[in-house]
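Engineer: What follows is the residue order along each chain.
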Amino acid sequence: MKPPSFRLESPDTLDEVLSSLAEHGGDAKIIAGGQSLMPLLAFRLARPELLIDLTGVADLDHLSVDGTTLTVGALTTHRAVEKAAETTVPATIRSAVAHIGHVGIRNRGTVGGSLAHGDPSAEWAAVALAYDGVIVAVSRAGKRRIAADDFFLEPWTTALRQDEVVRELLLQVPLGLCGSAYFEFARRHGDPAVAGVCAVLFADPAGTVVQARLSVIGAGQVAVRCRPAEQALTGRPLDPDVLIEVSQFVVADIEPRGQDEDEHRHQIQVVGTLARRAVRSAADQISKVAQG
Amino acid sequence: MSQRRDVKLRVNGIAGQANIDVRTTLADTLRDEFSCTSVHLGCEHGACGACTVLLDGSSVRSCLILTAQVDGADIATVEGLSDDDGRLHPVQEAFRATHGLQCGFCTPGMIMTVIELLREISEPSPAEIRAALSGNLCRCTGYQNIVAAVVRAARQLAHGS
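These protein sequences, in sequence, are chains A and B. The numbers in numbering that gives the first Met the number 0 rise by one with no breaks, and the one at position 202 of the first sequence is 201. The numbers in numbering that gives the first Met the number 0 rise by one with no breaks, and the one at position 140 of the second sequence is 139.
Check before you lean on any hint, since a few could be wrong.
To be verified - Straight line, CA to CA, 30 angstroms or less: simulated BS3-like cross-link-like pairs of lysine-lysine:
| no. | chain 1 | residue 1 | chain 2 | residue 2 |
| --- | --- | --- | --- | --- |
| 1 | A | 82 | A | 28 |
| 2 | B | 7 | A | 1 |
| 3 | A | 28 | B | 7 |
| 4 | A | 1 | A | 28 |
| 5 | A | 82 | A | 287 |
In short, the hints are calculated from the structure, not lab data. Everything numeric in this text was worked out from a predicted model, so none of it was measured.
Generate the whole structure from the sequences, applying the supplied hints.
Structural biologist: Laid out in structure tokens, this is it:
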């Protein structure tokens, strides 16, 4: 169908966006890349009275590294991140982002839009969780820093308030002896992930894991960090037994989102396999660096 | 009560403008105001890729873009590909030569996606082609001859043969 009628505002400044949001509350929706919102409008599942176009606001599409912090502006397209230099965006993040939809979607879809939409299969959720992400949200009341761990509440529901806009995502990019990997399974290229796992491991020179971050998307109710699995990895050397134990922790942590028992079993199996692969890949990177 | 806007677009090199209802998608504007009926509406929710055009050089699903969001943009569609003498662009010619189309409904979207692909990877492998075209659905061909068309077009553009 064609989208239902709405009013459209196209402000030049973030202040105007925030004023409008504050004034119109639940009657207004932000539109950025439109790759998630436009299909909802086409199906008329969303009928906002007012759309506020964010794309005219300057300085929201920056992508920069300062020490260990990678700052991704809300209007940065997935494609810009995918094509960024290795020195700016680590390969694991670029590889996760490359799984988002198709090129045409990545050319328009934005990081802020993905985060705000709260899709349980969103690759950006896996990245935000595994890289200790902080979502910077702004409203007329001020600025709020929301840890990724506290951001994804329920399917399609985030901690963002009605009058807030995502301004940027801050990620902690590892330095030192570390390895990371992202693995995903989807039925076809561009399909929503059946499951995706992102692993970031830090080790000491002896090859013992000092810190582990492991996130899962797709299989569970929402994107999650698997803390029991992370604890199981910490302080251990990386050997095959540890990997099996890790995948069991990951699997135990997931509340499957599938429709029936067969789908649950499939999701659990896929998550376990992806977790083992991600951790093994990260571990191999560490070994290579330690040896070299 | 519908709200309308004036929007300027440069379509296939020609500057133009239209007055549109703000809820009009770029796909509908291109079809109705700029006579670019090569822009096909397959699903109108971004799944099939038949409406793919190049916006400022990058492939996009025009059914997922509000015209009012892209005021001033440069759009390329299949209509702009053949030269003034009517000679087909190498990608179009390749699709013709390999029978890479049957009903032709998905073809404009395929072609615009391929144009972008070949700018990025000059001689993609069949696997790379299938991955790049995964967002363009075809119900007729089974994709085999589409992949052959891209291989042929790539060779033509890279080596002139």
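Engineer: For each hint, tell me whether it holds in the structure or not.
Structural biologist: How the hints compare with the structure:
1. A:82 to A:28: 29 angstroms, holds
2. B:7 to A:1: 22 angstroms, holds
3. A:28 to B:7: With a Cα-Cα distance of about 25 angstroms, the restraint between residue 28 (chain A) and residue 7 (chain B) holds, given a limit of 30 angstroms.
4. A:1 to A:28: 17 angstroms, holds
5. A:82 to A:287: Since the Cα atoms of residue 82 (chain A) and residue 287 (chain A) sit roughly 25 angstroms apart, the hinted pair holds (cutoff 30 angstroms).
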